[in-house]
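Take a look at the letters that make up each chain.
Number of protein chains: 2
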Amino acid sequence: MADTASADAAEQVLASRPDKAQLIEKLVAKLPEHVILHAEEDLRPFECDGLSAYRVLPMIVVLPETIEQVQIAMQVCYANDVAVVARGAGTGLSGGALPMENGVLLSLAKFKQILDIDTANRRATVQPGVRNLAISEAVSHLGLYYAPDPSSQIACSIGGNVAENSGGVHCLKYGLTTHNIVELEIVTVEGERMTIGSEALDTPGYDLLALMTGSEGLLGVIVQVVVKLLPKPERAQVVLAAFDDVRKAGEAVAAIIQAGIIPAGLEMLDNPAIVATEEFVHADYPTEAAAILLCEVDGTHAEVDEHIADVREVVEREGATEVRVSRDDAERAIFWAGRKAAFPAMGRISPDYYCMDGTIPRKALADVLIGIGELSEKYGQRVANVFHAGDGNLHPLILYDANIEGELERTEEFGGAICELCLEHGGTITGEHGVGVEKIDQMCVQFPPDELTQFHAVKQAFDSKGLLNPGKAVPTLHRCAEFGAMHVHNGELPFPELERL
Amino acid sequence: MADTASADAAEQVLASRPDKAQLIEKLVAKLPEHVILHAEEDLRPFECDGLSAYRVLPMIVVLPETIEQVQIAMQVCYANDVAVVARGAGTGLSGGALPMENGVLLSLAKFKQILDIDTANRRATVQPGVRNLAISEAVSHLGLYYAPDPSSQIACSIGGNVAENSGGVHCLKYGLTTHNIVELEIVTVEGERMTIGSEALDTPGYDLLALMTGSEGLLGVIVQVVVKLLPKPERAQVVLAAFDDVRKAGEAVAAIIQAGIIPAGLEMLDNPAIVATEEFVHADYPTEAAAILLCEVDGTHAEVDEHIADVREVVEREGATEVRVSRDDAERAIFWAGRKAAFPAMGRISPDYYCMDGTIPRKALADVLIGIGELSEKYGQRVANVFHAGDGNLHPLILYDANIEGELERTEEFGGAICELCLEHGGTITGEHGVGVEKIDQMCVQFPPDELTQFHAVKQAFDSKGLLNPGKAVPTLHRCAEFGAMHVHNGELPFPELERL
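Chains B and V, in that order, give the protein sequences.
Letter by letter, the first sequence follows residues 5 to 505 of my numbering.
Letter by letter, the second sequence follows residues 5 to 505 of my numbering.
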């Protein structure tokens, strides 16, 4: 049986109580003093990531300025058995960068340089703290862009994108982060520097590049990234199709893909989402529709013409009650305005919302949406659905009021039930937000013990002491057993010191 | 430091001398007798794969008919510390399926069923022994196909494609095998069955699917594959462009990509290859050209029109002496006929040829081709180049006569020098043929000890006894040290019992 020693080691690390003053002394001995933060007011900005319901003050923050400083910080922590949580922009939605009160938070925020742009090979070499959108901005004048576009792309960093294998509206056509990077520089838990992947087509040996991508900071610290750049499409155009029935909209999604069209993006909003966004941004969405689809096609002028006609034909055949096609880029921007404002729009109809993230096979779309509606009635809580329909990546937004006693807990239970619904339909518990601390118990539901054991064996191959981001992403079998696995709700937090706000 | 115990274990396995009669007895006790072959005449067909210069008679061949039988065979071998080499169609070119005289050859040849075709999700579930082309043939009537198309696609099996992460002419646009599969069933070295990946967009946990793909049979036995299907493009058209200078042809390749065109295929033939194929198939190639490019564009009718015009403009600007565009599918087939017949055509101009496989960044294409020309003069051996220019995947064919004393050895030395040339230009030692036994020493040149150590640690996580395909793909540090690494030629064979023909 594969080795799970790293899981036991991680449990020890979680419970450890290192001496803060001593560790500061050891770090200061080898690193410039200004890169080490330890006063409470300096630590406060790092206490949470985008999953703001969970907060922990880190013991120490290290803000290195060079790869050598990252190596030194890792060497000191390794020698002293101190846990390390690496952090990019801190925009993650599953608590993957949540600090530990007994660990070091290693921020890559100062790694903000674009180091090289290679137009002949269409590659850019960037530091991990570079914002996702900054890459596309830097190469825009060359007619190029970086394809993965998570909603947070203005703020999120490429290092975090790699750690989470981020997606976005356009990943249906252009793939996830893992399909858009070719080489990484990492620093290992022992402080060694290593290059994985290469700029050539395929690299012999095991695919450590793909293994590192989406590993949520558990296998190494990303200190440099070589990304692929794509030519900007000549043109993009959007079809907005309204339906009087969620099932018809779900079936239209499958029909578009089945027709051989690969849209650049294919998004769905259901009625609560349409109404909320319409009130907020006035994008002229049909507020009586049960659901709308936004289907973007990009490519050459001629290609776009052909595919837009195809999409129109399919959605009409599938019973769309109204079909609009953007006539120019200004109108295209208006079509998208509602979708892009959908999350903030929820703030107008509910004090709080909880954004779920699950993935299902496309064919199950209609059934799962109807199932979510039934759960909404059962739990007595409203849900708005705004999501990447084309790749079956759901984002149900559960509306709640945190000031009402017990409503957060009920919301989390509802969220857990949605995860299970996705799994029942052959889906996964997370599409693009990662597992982090948020979904760690659902991992026990998705994976049988032998696969979890295999995950721990892989972890053992990179981090036998279990120091990198312990307690996140992959639950121990012990935890799953305690949890009474196979039927799971968002429940216990993995950190004894964790306060819930 | 990461764990290399599996490497030591594999060395022991390589040197082991299991009792054949006893092992047969143990297998026969649990498996139908007809699935176990052990007479010399039955073993002979399995003695080599596509790298026919190396041959070894396996101790025993197991030809299971069900996944349960694969599990039993693995359990027996695991309990008895016997090495296992899994084999698909045996068309690999690097000796990855070369048997061991002290090991079991596990053939998946009887796993030939296409189990499910799911048009809504554009997926097919197939057994590993299904031929690559058989998948496309089975879904052709639905307007779909499976994209990766290695030259051996008539014969090679999908399980082998996964093990080697196979490419093909169209992988420039459609990706390698790793980009075209979503789920695998594997049997572990201990005989457990495990599902990795999923039909949904992205799976949480480490990306074991990508890790398994291209792992050359060292991490598990592939017993089922879920592949992606793509819609067949409406139309494809080819530009043939001739150049009077190899450098200009190489630069035209970079210019096409830089212009934002992603061709479905972009192949190059140099003059020796042109002349040889022209004499063989009369495809009307310009025999006086230093090099020709074949650039295929596919997509909608309109898209193809636009891109073909763009390609023509680029190659003319880059100095093409002649440009032809296929007028219909018949002419397109003629344009490709020469390329497809290039390998057999070599048989007319040389008794033997050695097909190399290396990858370089596209921008280095012209320099590396000129470097190969210089090496050809140095070694006094002719080379013909026929290759996937678009993704920098070279296939130099070194012409030689095995009947001339020492010429095979000189050819292998020449091949090693080409590998090093690729590495000097930022490339890799293999593009799509794998490492196997052929390139194992070049791995010492490409990878520093810390990355090789990391590879062994990953192996340890899956196969701590080192029983799966030992001696292939990843060299031990010990081997690299003996080899005097950092300057390597095809040299010692990893198996003491290996005879060279």
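Rather than coming from a laboratory, the hints here were simulated on the basis of the structure.
A virtual CB, placed ideally from N, CA and C, is assigned to each residue, including glycine.
A few of these clues could be false.
What the hints assert, rightly or not - Listed next, with one range per pair, are the computed distances between beta-carbon atoms:
id : chain 1 : residue 1 : chain 2 : residue 2 : range
1  : V       : H305      : B       : T123      : 58 to 64 Å
2  : V       : S20       : B       : A33       : 37 to 43 Å
3  : V       : E417      : B       : G147      : 42 to 48 Å
4  : B       : A33       : V       : D454      : 34 to 40 Å
5  : B       : E292      : V       : E141      : 44 to 50 Å
To be verified - List time: in silico DSS-like cross-link candidates among lysine-lysine, alpha-carbon distance up to 25 Å:
id : chain 1 : residue 1 : chain 2 : residue 2
6  : B       : K469      : V       : K177
7  : V       : K177      : B       : K177
8  : V       : K34       : V       : K344
> Which hint numbers does the structure go against, in order from smallest to largest?
Replying inline: 1, 2, 4, 6, 8
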